[in-house]
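Engineer: Below, each chain spelled out in residue letters.
Protein chains: 2
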Amino acid sequence: MEEKINSKFKDNKKRKINRICNKLENKWVKSEDIVNILENIIEPFDRVCIEGNNQKQAVFLSKSLNKVNPKLVHDIHILQSTLILPEHIEVFENGIANKIDFSYASIFGKKLAQLCQEGKLKIEGMHTFLELYARYFLDLTPNVCLVIAEKADKEGNLYTGANTEDTPTIIEATSFKDGIVIVEVNEVVDKLPRVDIPSDWVDILVKSPLKTTIHPLFTRDPAKINETKILMAMLVIKGIYAKYEVNRLNHGVGYSTSAIELLLPTYATELGLKNKICEYMMINPVPTLIPAIECGFVKKIVSPGGEAGMNLYVKSRPDVFFTGGDGTLRSNRCIAQLVGLYGIDLFAGATLQIDIYGNSSTATINRLTGFGGAPNIGGNSSGRRHISNPWKKAGLEYQKNDDEIFKGKKLVLQIVETFQPSGEPSFVEKLDAFEVQKKFQMELPLIMIYAEDVTQIITEEGIANLLLCRNLEDREHAIRGIAGHTPVGLKRDIKKINELRERKIIIYPEDIGIDRKDAKRDLLAAKSIQELVEYSQGLYLPPKKFID
Amino acid sequence: MEEKINSKFKDNKKRKINRICNKLENKWVKSEDIVNILENIIEPFDRVCIEGNNQKQAVFLSKSLNKVNPKLVHDIHILQSTLILPEHIEVFENGIANKIDFSYASIFGKKLAQLCQEGKLKIEGMHTFLELYARYFLDLTPNVCLVIAEKADKEGNLYTGANTEDTPTIIEATSFKDGIVIVEVNEVVDKLPRVDIPSDWVDILVKSPLKTTIHPLFTRDPAKINETKILMAMLVIKGIYAKYEVNRLNHGVGYSTSAIELLLPTYATELGLKNKICEYMMINPVPTLIPAIECGFVKKIVSPGGEAGMNLYVKSRPDVFFTGGDGTLRSNRCIAQLVGLYGIDLFAGATLQIDIYGNSSTATINRLTGFGGAPNIGGNSSGRRHISNPWKKAGLEYQKNDDEIFKGKKLVLQIVETFQPSGEPSFVEKLDAFEVQKKFQMELPLIMIYAEDVTQIITEEGIANLLLCRNLEDREHAIRGIAGHTPVGLKRDIKKINELRERKIIIYPEDIGIDRKDAKRDLLAAKSIQELVEYSQGLYLPPKKFID
Numbered sequence: 000m001e002e003k004i005n006s007k008f009k010d011n012k013k014r015k016i017n018r019i020c021n022k023l024e025n026k027w028v029k030s031e032d033i034v035n036i037l038e039n040i041i042e043p044f045d046r047v048c049i050e051g052n053n054q055k056q057a058v059f060l061s062k063s064l065n066k067v068n069p070k071l072v073h074d075i076h077i078l079q080s081t082l083i084l085p086e087h088i089e090v091f092e093n094g095i096a097n098k099i100d101f102s103y104a105s106i107f108g109k110k111l112a113q114l115c116q117e118g119k120l121k122i123e124g125m126h127t128f129l130e131l132y133a134r135y136f137l138d139l140t141p142n143v144c145l146v147i148a149e150k151a152d153k154e155g156n157l158y159t160g161a162n163t164e165d166t167p168t169i170i171e172a173t174s175f176k177d178g179i180v181i182v183e184v185n186e187v188v189d190k191l192p193r194v195d196i197p198s199d200w201v202d203i204l205v206k207s208p209l210k211t212t213i214h215p216l217f218t219r220d221p222a223k224i225n226e227t228k229i230l231m232a233m234l235v236i237k238g239i240y241a242k243y244e245v246n247r248l249n250h251g252v253g254y255s256t257s258a259i260e261l262l263l264p265t266y267a268t269e270l271g272l273k274n275k276i277c278e279y280m281m282i283n284p285v286p287t288l289i290p291a292i293e294c295g296f297v298k299k300i301v302s303p304g305g306e307a308g309m310n311l312y313v314k315s316r317p318d319v320f321f322t323g324g325d326g327t328l329r330s331n332r333c334i335a336q337l338v339g340l341y342g343i344d345l346f347a348g349a350t351l352q353i354d355i356y357g358n359s360s361t362a363t364i365n366r367l368t369g370f371g372g373a374p375n376i377g378g379n380s381s382g383r384r385h386i387s388n389p390w391k392k393a394g395l396e397y398q399k400n401d402d403e404i405f406k407g408k409k410l411v412l413q414i415v416e417t418f419q420p421s422g423e424p425s426f427v428e429k430l431d432a433f434e435v436q437k438k439f440q441m442e443l444p445l446i447m448i449y450a451e452d453v454t455q456i457i458t459e460e461g462i463a464n465l466l467l468c469r470n471l472e473d474r475e476h477a478i479r480g481i482a483g484h485t486p487v488g489l490k491r492d493i494k495k496i497n498e499l500r501e502r503k504i505i506i507y508p509e510d511i512g513i514d515r516k517d518a519k520r521d522l523l524a525a526k527s528i529q530e531l532v533e534y535s536q537g538l539y540l541p542p543k544k545f546i547d
Numbered sequence: 000m001e002e003k004i005n006s007k008f009k010d011n012k013k014r015k016i017n018r019i020c021n022k023l024e025n026k027w028v029k030s031e032d033i034v035n036i037l038e039n040i041i042e043p044f045d046r047v048c049i050e051g052n053n054q055k056q057a058v059f060l061s062k063s064l065n066k067v068n069p070k071l072v073h074d075i076h077i078l079q080s081t082l083i084l085p086e087h088i089e090v091f092e093n094g095i096a097n098k099i100d101f102s103y104a105s106i107f108g109k110k111l112a113q114l115c116q117e118g119k120l121k122i123e124g125m126h127t128f129l130e131l132y133a134r135y136f137l138d139l140t141p142n143v144c145l146v147i148a149e150k151a152d153k154e155g156n157l158y159t160g161a162n163t164e165d166t167p168t169i170i171e172a173t174s175f176k177d178g179i180v181i182v183e184v185n186e187v188v189d190k191l192p193r194v195d196i197p198s199d200w201v202d203i204l205v206k207s208p209l210k211t212t213i214h215p216l217f218t219r220d221p222a223k224i225n226e227t228k229i230l231m232a233m234l235v236i237k238g239i240y241a242k243y244e245v246n247r248l249n250h251g252v253g254y255s256t257s258a259i260e261l262l263l264p265t266y267a268t269e270l271g272l273k274n275k276i277c278e279y280m281m282i283n284p285v286p287t288l289i290p291a292i293e294c295g296f297v298k299k300i301v302s303p304g305g306e307a308g309m310n311l312y313v314k315s316r317p318d319v320f321f322t323g324g325d326g327t328l329r330s331n332r333c334i335a336q337l338v339g340l341y342g343i344d345l346f347a348g349a350t351l352q353i354d355i356y357g358n359s360s361t362a363t364i365n366r367l368t369g370f371g372g373a374p375n376i377g378g379n380s381s382g383r384r385h386i387s388n389p390w391k392k393a394g395l396e397y398q399k400n401d402d403e404i405f406k407g408k409k410l411v412l413q414i415v416e417t418f419q420p421s422g423e424p425s426f427v428e429k430l431d432a433f434e435v436q437k438k439f440q441m442e443l444p445l446i447m448i449y450a451e452d453v454t455q456i457i458t459e460e461g462i463a464n465l466l467l468c469r470n471l472e473d474r475e476h477a478i479r480g481i482a483g484h485t486p487v488g489l490k491r492d493i494k495k496i497n498e499l500r501e502r503k504i505i506i507y508p509e510d511i512g513i514d515r516k517d518a519k520r521d522l523l524a525a526k527s528i529q530e531l532v533e534y535s536q537g538l539y540l541p542p543k544k545f546i547d
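Those sequence lines, one after another, are chains A and B.
Residue numbers for the first sequence follow numbering that gives the first Met the number 0, so the first one is 0 and each next one is one higher.
Residue numbers for the second sequence follow numbering that gives the first Met the number 0, so the first one is 0 and each next one is one higher.
Simulated from the structure, these hints should not be mistaken for laboratory data.
Heads up, some of the hints might be wrong.
The list treats identical chains as interchangeable, and a pair is accepted whether it falls inside one copy or across any two copies.
Calculated pairs, PhoX-like style, for lysine-lysine (alpha carbon to alpha carbon, straight line, at most 25 Å) [unchecked claim]:
no.	residue 1	residue 2
1	437	392
2	190	26
3	190	150
4	392	206
5	299	13
6	298	15
Build the full structure now, drawing on both the sequences and the hints.
Structural biologist: Structure, rendered in structure tokens:
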């Protein structure tokens, strides 16, 4: 029976590996052979998945891919969650690849748009992270993947360390679908601290001759948190977290959410909220959470990736973080995004623009940045069936009449100052996203979170509780009412605002007993990076840029 | 620096393991010691995750858990996706556990309800699979998990074989959160066919003295497919798959979707739909797909679990199925459910009851079965951002006015005969789910898929295209129009039906050129299990119950 199988359909992988078998020692190849290996393994029109996370990238393999002969390797279709290195763009300029499915283009949003207009690149799809991962397992399975591991042993077992991120997801999709898994490895050791990926999921390994660095993308210096952010944090804690009993949540990255984190041990504790809110979080191990962890406020954290300088501190708190037997963080973006969709009751994020109905976007003219994870974490799925107090309370406020079948609702906050640091207003009558859509003839506007999903907008003026709005007019006036001196705010209607305050749709600080004068930096549990280090008992080791 | 860490917070796991270290040989314990081991490892109020999949269960560990002394082990909180063995219920009757978070209770829906009413059990939450997995990584991380592997080597590396299902998800959540992973193993070998779980994610192993069987839960005998199912399959293929160009989808399990699968090589091919529809599927490796795979219709399949008798066949088609280096299926329910949420454009399912607005439910009085995966696969997430033709076309039909921001929509079908095999009508004015809600004082009714998410209902009468309905009245009459001789159907209004046919909301077979007389068993690519075996060239080995 067995002889019938393994015939024609297994050949593709074998054929490719056979071409390079003289260069393979076990599964290892020499770094100087890597360009040749890629030329033999990647065929025209192949789907190639490049590991490009927020925090770590397969740098050596990305550079090497750009050195292949485009006469041999061309028309390849890149699958990549985050584009972050110049090499991620050059591969299109060099005529090696001409299609992409991606999630987030970081600083390369403008460049991507250019390449499309020059006809060098076709964007096949823009996805949130989870959508892209899902498609890796269906119609977009990689023929080849180029990934990175911190360490490997000689057999090829991999240790991904604190920044596991996308590695397990990419390798599972490729390896179990007969694709070829190529791994660059920073260090080869006899015994791994732990095994993150078993060697038989891996085909080819190469020791990278490059040094790679993890950048502290998610670290916010408490010294830079101003009193406006503190006021907004007080509004969020008292006006939302306490009211809805929010205990499972995600914070986006920014000074506003850092301010909330640093107010948990002080302001929130004084309000008697310890053991009641913010016990469970999905978030990278950001240093501004150290005081809240040390005082027992935040109890458990699941992370999509790591953060520079936090490894020893994380190791000291296996009760809080997911860690391996070696004590190092185990992160996993796929799982963290899943938690962001179905496990949490609240997402606190920020944005560049909000329109008068509550649609928000980070798209600006000439850039195609993509979405990352925000639409997923800030979105509702009608598939959710488990109940929690915040989900129920939000659902009850949102319910328009008693006949409706009751459903809960995820709380989705947009915390923005009325003006961006650039001086541009955060509130606009119409999003730039619609202009971008026209310009690039896209079928969907680049909206990050749809109005129906946003439940509260918080500015230095107050809270707009969109859950209680009963029609578009309510929404519009609620938003104008907290939009301050922006053109959108100046069009406010005092009569309507008074009505909305009565209905608790607009909530100014004084309405919930918050005195603006109390929003002082004294409230921050730590006022500097140095104080975070002290809270950590010296286990947080801030990157150089924060101590110079 | 290192000495500061690993102190108080790592103690819990060490303390537990130390208690049994005299019984551990490497990580192995004797099967006769297992009850004592469980008594020492599980503490009162612990969260214990029991592997209970659709297809495989940790039988030996479940039986052993029921033998612990309830004076030592009590008040435990069970986390379990599927309850399927008597032992999964006895643990509550025996006073060992008193809380549960689960997804699907299979045949034990009634028993669960009883236990709740007797005060022996508190249902903490009912979830879809993905929600429960998400919470394993946030607020419901297991202190101990009891899982099963097909094989292990002496070091404790695990081989889960074709039915990987929940194992990686449960172990990742437990192992990396300092919980204790206990594995029952069917066979101990020197060298594994492949490594599914590395040994350092595992704490305790025991060779099971029991024989376990995989039941063919998802196999449907083509001999039992009647002409009504064939007619409905024709309606779905021509009226929906062809119209919307559905290429990425999930089929529920039932004769209706089996009929569709068996019509792909015949009816769908004659319609010129090969290479246009149904190329990518999320589904268990069901035997009724063999003809469609062999004729090159279905090209890729990702599976939540395996299916009895299909292992050799799967091994012969690594181009279609996800398989390991050993050729055996790699299934993964978490990933498959993720594909079901974000990777597919259509879900074709069935239900017990549909109300006049399109809400559907499998709940009946006295049973609390839970949801499994249907609400997730049949639900929309506002987080989706990538575009496909079916999603776009469905979204355009659903859009009520041109001012709305355009969004796509997942196609969600309910394929039901107007009467269930029991003789009960499939269509009702009001779902039993609301009675159940009252009876058990639940906060949500047990609705499987909400009306807003269902896009088409298909019966032997025709198709109701709910996408084009503009108000509740439209929906009600569309549904009555295809509800046949049920009380709901008898209340139809001929004038309204004619209007809805004009508007293509009600589609009868003749409206799309389908002659009811053509719905013959001759159209089935295989008419019996034996013909499926022939299609597979003898590689499908049907379980005994299908060949007797």
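Engineer: Look at each hint and say if it fits the structure.
Structural biologist: Each hint, compared with the structure:
In the homo-oligomer, the alpha carbons of residue 437 and residue 392 lie at most 25 Å apart only across protomers (20 Å), although the nearest pairing inside one protomer, at 39 Å, exceeds that limit. Proximity of residue 190 to residue 26 under the C-alpha cut-off of 25 Å is found in both arrangements, the shortest distances being 17 Å within a copy and 19 Å between copies. In this assembly of identical chains, residue 190 and residue 150 lie within 25 Å of each other by CA distance both inside one copy and across copies; the values are 9 Å within and 24 Å between. For the homomeric pair residue 392 and residue 206, neither the shortest alpha-carbon distance inside one copy (54 Å) nor that between copies (48 Å) is at most 25 Å.
Taking the closest pair of Cα atoms, residue 299 and residue 13 come within 25 Å of each other only across two copies (20 Å); inside a single copy the shortest separation is 45 Å, beyond that limit. For the homomeric pair residue 298 and residue 15, the shortest alpha-carbon distance between copies (21 Å) is at most 25 Å, but the shortest distance inside one copy (49 Å) is not.
Violated hint for the displayed structure: number 4, the only one.
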